[in-house]
Amino acid sequence: MRGRRLVLVNGLLAFLIGVHAYENAIQAGHWPFCSYPMYAEMETERVVTVFRVFGVRHDGSEAAVHKNEFIHPFDQARLADGLENAHFDRSSGVEALNDVLERYERRRLEREHDGPALVRLRLYRLTHQLEPLAGNADTPEKRELLAESDVLAQAERLE
Amino acid sequence: MMRALRERWHRFWFDAEAPDNLGLSRALFYGLILLLYLNESWSEWSDVSVVFWEPITMFKWLRIPVFSGGVLTLLSVVWKASLLTAALGLFTRGSAVVACAIGWYLLGLPHNFGKTHHFDALVALVLAVLMLARTGDAYSLDRRLFGRGRPAPEPSGEYRWPVRATWLLMSLVFCSAGFAKLRNEGLAWVFSDNMATKLLQHGYNVASHEPLSDIGPWLAQYPALCSLLALVTVVVEAAYPLALVSRRARWIFPPAMCGLLIGIRLFMGPTFPQFVICHLFWVRWDRVAAAISARVRPRIVPA
Numbered sequence: 001m002r003g004r005r006l007v008l009v010n011g012l013l014a015f016l017i018g019v020h021a022y023e024n025a026i027q028a029g030h031w032p033f034c035s036y037p038m039y040a041e042m043e044t045e046r047v048v049t050v051f052r053v054f055g056v057r058h059d060g061s062e063a064a065v066h067k068n069e070f071i072h073p074f075d076q077a078r079l080a081d082g083l084e085n086a087h088f089d090r091s092s093g094v095e096a097l098n099d100v101l102e103r104y105e106r107r108r109l110e111r112e113h114d115g116p117a118l119v120r121l122r123l124y125r126l127t128h129q130l131e132p133l134a135g136n137a138d139t140p141e142k143r144e145l146l147a148e149s150d151v152l153a154q155a156e157r158l159e
Numbered sequence: 001m002m003r004a005l006r007e008r009w010h011r012f013w014f015d016a017e018a019p020d021n022l023g024l025s026r027a028l029f030y031g032l033i034l035l036l037y038l039n040e041s042w043s044e045w046s047d048v049s050v051v052f053w054e055p056i057t058m059f060k061w062l063r064i065p066v067f068s069g070g071v072l073t074l075l076s077v078v079w080k081a082s083l084l085t086a087a088l089g090l091f092t093r094g095s096a097v098v099a100c101a102i103g104w105y106l107l108g109l110p111h112n113f114g115k116t117h118h119f120d121a122l123v124a125l126v127l128a129v130l131m132l133a134r135t136g137d138a139y140s141l142d143r144r145l146f147g148r149g150r151p152a153p154e155p156s157g158e159y160r161w162p163v164r165a166t167w168l169l170m171s172l173v174f175c176s177a178g179f180a181k182l183r184n185e186g187l188a189w190v191f192s193d194n195m196a197t198k199l200l201q202h203g204y205n206v207a208s209h210e211p212l213s214d215i216g217p218w219l220a221q222y223p224a225l226c227s228l229l230a231l232v233t234v235v236v237e238a239a240y241p242l243a244l245v246s247r248r249a250r251w252i253f254p255p256a257m258c259g260l261l262i263g264i265r266l267f268m269g270p271t272f273p274q275f276v277i278c279h280l281f282w283v284r285w286d287r288v289a290a291a292i293s294a295r296v297r298p299r300i301v302p303a
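Protein sequences appear in the order of chains A and B. So for the first sequence, the numbering used here puts the first residue at 1; every next one is plus one. So for the second sequence, the numbering used here puts the first residue at 1; every next one is plus one.
So that you can see chain A by itself, here it is in the shape it has in the complex (with noise of 0.2 Å):
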């Protein structure tokens, strides 16, 4: 190998350690160079907490529409971070449920998912006592009502 070559990839191999290491110190992550935290933090606590977003149908019963065919391209965990964030954080809780919900009956209508149509969507905070084998986990303690979308307008409700 040439010179020049060699110190480009020496190069390219110093960056990649120091960059990796720079993330580790300050515990940060810049995508694609991360500090892979990956479970590192402790669970002890016999309670768990979820943001979960649950569906109205016509006849104003819920249904729960939290699995990722229902969401895309969003899963699970994005969009309850993203809920929780916009909530909290932004106080956009209700524009961030009108544009899941607009995408869930529009991508329903397409023959996406074949989940039921709803009117509206609400976020929830679910807490659940850790019980053996998670015996509890459709039915959490509290269920604590945080944001509720707009109804979705007549027009948009085609069958």
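Treat the hints as calculated values from the structure; they're not laboratory data. If you're wondering where the values come from, they're calculated on a predicted model, not measured in any experiment. Virtual Cβ for every residue (Gly too), placed ideally from N, Cα, C. One or more hints might be untrue.
To be verified - Some residues of chain B that are not near chain A, with every Cβ distance over 10 Å (derived):
hint: 1; residue: Glu7
hint: 2; residue: Ala18
hint: 3; residue: Tyr37
hint: 4; residue: Arg63
hint: 5; residue: Ile64
hint: 6; residue: Gly70
hint: 7; residue: Val77
hint: 8; residue: Arg148
hint: 9; residue: Arg150
hint: 10; residue: Trp161
hint: 11; residue: Val206
hint: 12; residue: Val245
hint: 13; residue: Arg247
hint: 14; residue: Ala256
hint: 15; residue: Arg295
hint: 16; residue: Arg297
Unchecked claim - Think about it this way: if two alpha-carbon atoms lie no more than 27 Å apart in a straight line, the pair counts; the simulated DSS-like pairs of lysine-lysine are:
hint: 17; chain 1: B; residue 1: Lys115; chain 2: B; residue 2: Lys60
hint: 18; chain 1: B; residue 1: Lys80; chain 2: B; residue 2: Lys60
hint: 19; chain 1: A; residue 1: Lys142; chain 2: A; residue 2: Lys67
hint: 20; chain 1: A; residue 1: Lys142; chain 2: B; residue 2: Lys115
hint: 21; chain 1: B; residue 1: Lys115; chain 2: B; residue 2: Lys80
hint: 22; chain 1: B; residue 1: Lys115; chain 2: A; residue 2: Lys67
Knowing the structure of chain A, use the given hints to seat chain B on it.
Chain B in isolation, oriented as in the chain A frame:
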């Protein structure tokens, strides 16, 4: 002392090698990444509301916008085509540059909305390494179409450092993960209810994907088993860089890490196929190809 170290460094990265292993690794890496993202679409991100917009550093500093749905679809098609041509080794250098540039944009785009996942960061970095490497000198259409009559490429350090750079990247990633656990919580991360609690919490679907099995909450009933699992996790992650320098460790840590990544998917939910795919660089594919051809050749010799 310094001289000896410098020589060891040079030998580790730049000892001459034939281009075959790098060529085969290139074909497999781009091919598998193409398969993984074949049905992926990014166009929906164009109409996600700005209330979700929390730009990552790369997008913020370079003021990279979210393009329209049509442009995102076009980029997606070009990216997949570049992965295919890079896998085939057709216009390899150009394909690798396009795959890296568009890949960084498309893979980075979702991380601007709500949460930054880490599962694809390694792919972005490997794309950058391969873009700078001479990966098309073997097992490529370039060699077949444009290299006729030319002598076979001489063994060179050019064919060794890219594979080792991917080893380095994986070592940095997984060692960081192990280091973060020990730095934040020390041995309490292993010898406490931490792992049992984590496994049980994921039974409540708190991750990006639902677990593929109910084994996590079941396992959580056995704290000693969970602590053992936590110990294995920390050891495999923190000691992963040993695979850089020890042949024996290469038989232990990369396969064990793949096992852990699959375990996370089964027990907790999050998916890391990108990390598993990157592990292909630990395999000497030139030796695999030689072994296969040695087995096949006698069969096709006429009786």
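Structure-based check of each hint:
no. : hint                : verdict
1   : Glu7                : holds (13 Å)
2   : Ala18               : holds (15 Å)
3   : Tyr37               : holds (13 Å)
4   : Arg63               : holds (16 Å)
5   : Ile64               : holds (12 Å)
6   : Gly70               : holds (16 Å)
7   : Val77               : holds (17 Å)
8   : Arg148              : holds (25 Å)
9   : Arg150              : holds (19 Å)
10  : Trp161              : violated (5 Å)
11  : Val206              : violated (5 Å)
12  : Val245              : holds (15 Å)
13  : Arg247              : holds (21 Å)
14  : Ala256              : holds (15 Å)
15  : Arg295              : holds (35 Å)
16  : Arg297              : holds (34 Å)
17  : B:Lys115 - B:Lys60  : holds (15 Å)
18  : B:Lys80 - B:Lys60   : holds (26 Å)
19  : A:Lys142 - A:Lys67  : holds (21 Å)
20  : A:Lys142 - B:Lys115 : holds (25 Å)
21  : B:Lys115 - B:Lys80  : holds (25 Å)
22  : B:Lys115 - A:Lys67  : holds (17 Å)
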